[in-house]
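**Student:** Okay, here's what each chain looks like letter by letter:
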Amino acid sequence: KAGVTQTPRYLIKTRGQQVTLSCSPISGHRSVSWYQQTPGQGLQFLFEYFSETQRNKGNFPGRFSGRQFSNSRSEMNVSTLELGDSALYLCASKKQGEGTDTQYFGPGTRLTVL
Amino acid sequence: AQSVTQPDIHITVSEGASLELRCNYSYGATPYLFWYVQSPGQGLQLLLKYFSGDTLVQGIKGFEAEFKRSQSSFNLRKPSVHWSDAAEYFCAVEDTAGKSTFGDGTTLTVKP
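First to last, the protein sequences are chains A and B.
By the working numbering, the letter at position 86 of the first sequence is numbered 86, and the numbering carries on one by one without gaps.
By the working numbering, the letter at position 45 of the second sequence is numbered 45, and the numbering carries on one by one without gaps.
Please note that the accuracy of each hint is not assured.
Unchecked claim - From the derived model, a few chain B residues whose C-beta atoms are all more than 12 Å from chain A:
(1) V4
(2) D8
(3) G16
(4) D54
(5) T55
(6) S70
(7) R77
(8) S84
(9) S100
(10) P112
Claimed, not checked - Derived BS3-like pairs: lysine-lysine, alpha-carbon spacing no greater than 30 Å straight-line:
(11) K57/A x K13/A
(12) K61/B x K111/B
(13) K111/B x K95/A
(14) K99/B x K68/B
(15) K57/A x K95/A
(16) K95/A x K99/B
(17) K57/A x K99/B
(18) K95/A x K61/B
(19) K61/B x K99/B
Calculated directly from the structure, the hints in this document are not laboratory data.
Just so it is clear, the structure is predicted and the values come from calculations on it, not from any experiment.
Heads up, the beta-carbon is just placed ideally off N, CA and C, and yes, glycines get one too.
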């Protein structure tokens with residue numbers, strides 16, 4: 001079974017631009033979560049989508065948004081990029097989104113903002 | 001709010017030696033606890049998880065962890081470390097709503 005895939009793997013943008021990252025969960029998984037990983041702040045939860053609805057949200061500004069499609073694929077958008085948005089963005093999927101489910105992570109998208 | 005503390009930023013052990021990585025959590029109810037490993041440039045891989053029941057849980061790659069409610073700890077152990085275990089290790093707690101909080105990670109270096 002294919003794992004979680006994220007595209008693109010690497011991205012370079014400039015301040016003020018916007019970016020869209022994509023995540024394809026494991027087949028049959030309905031929950032997709034997004035995380036931001038930086039050396040200074042560590043791993044921080046952005047949001048979780050389940051059956052096309054945002055179910056949980058972390059403490060990030062409104063510039064960070066996401067959505068989930070009917071096939072469970074998810075996209076994350078960051079508008080008006082800032083230097084501090086440079087990070088590894090990780091996506092993770094779960095089957096039903098319950099706490100007892102195992103969370104499977106993708107390899108991440110490395111975003112660099114210049 | 002839940003939180004996770006990994007007191008050791010960096011640990012170095014010799015190959016073949018035993019390993020213990022510490023994790024302390026703060027959560028009001030019975031937590032869901034996890035240990036993940038991350039190799040450079042990779043995503044996270046689940047090593048083991050605790051939900052309830054036996055407080056000693058076995059994971060992949062020979063790792064185990066023990067949940068101690070009285071100490072709010074969930075330390076990760078391995079009796080004999082291999083060079084391939086060098087990586088960054090994250091402890092995490094998840095609430096019943098499915099929101100995960102991660103520790104800052106411990107980087108493990110293995111000396112030959």
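**Student:** Taking the hints in turn, state whether each one holds.
**Tutor:** Verification of the supplied hints:
For V4/B, the condition that its CB be more than 12 Å from all CB atoms of chain A is violated, with the nearest at approximately 10 Å. The non-interface label for D8/B is consistent with chain A: the shortest C-beta to C-beta separation is roughly 14 Å, beyond 12 Å. With a least CB separation of 29 Å from chain A, G16/B remains clear of the 12 Å interface cut-off, as annotated. Every CB of chain A lies more than 12 Å from the CB of D54/B, the least distance being 15 Å, so the non-interface label holds.
With a least CB separation of 17 Å from chain A, T55/B remains clear of the 12 Å interface cut-off, as annotated. With a cut of 12 Å on Cβ distances, S70/B stays outside the contact zone with chain A, its closest approach being about 22 Å. With 12 Å as the threshold on Cβ separation, the claim that R77/B sits away from chain A holds: the shortest Cβ distance comes to roughly 21 Å. The claim that S84/B lies off the interface holds: its Cβ sits roughly 18 Å from the closest Cβ of chain A, which is beyond the 12 Å cut-off.
For S100/B, the non-interface assignment is contradicted: its Cβ lies about 6 Å from the closest Cβ of chain A, within the 12 Å cut-off. Under the 12 Å C-beta cut-off, the non-interface status given to P112/B relative to chain A holds; the minimum distance is some 27 Å. Taken as a hint, the K57/A and K13/A pair is honoured in the structure, with Cα atoms around 25 Å apart against an allowance of 30 Å. A threshold of 30 Å between alpha carbons decides the hint, and for K61/B with K111/B the separation of about 18 Å falls inside it, so the pair holds.
Distance restraint check for K111/B and K95/A: the Cα-Cα separation of roughly 39 Å exceeds the 30 Å cut-off, and the hinted pair is therefore not satisfied. Between K99/B and K68/B the alpha-carbon distance is near 22 Å, which keeps this suggested pair within the 30 Å criterion. For the hint pairing K57/A with K95/A, the CA-to-CA distance comes to about 19 Å; that is within 30 Å, so the pair holds. Restraint check: the Cα-Cα separation between K95/A and K99/B comes to about 15 Å, which is no more than 30 Å; the hinted pair holds.
For the given pair, K57/A sits about 8 Å from K99/B by alpha-carbon distance, which is consistent with the 30 Å threshold. The suggested pairing of K95/A with K61/B holds, with an alpha-carbon distance near 23 Å, which does not exceed 30 Å. Between the alpha carbons of K61/B and K99/B the distance comes to roughly 26 Å, so the proposed pair stays at or under 30 Å and holds.
Hints 1, 9, 13 from the list above are not met by this structure, while the remaining hints are.
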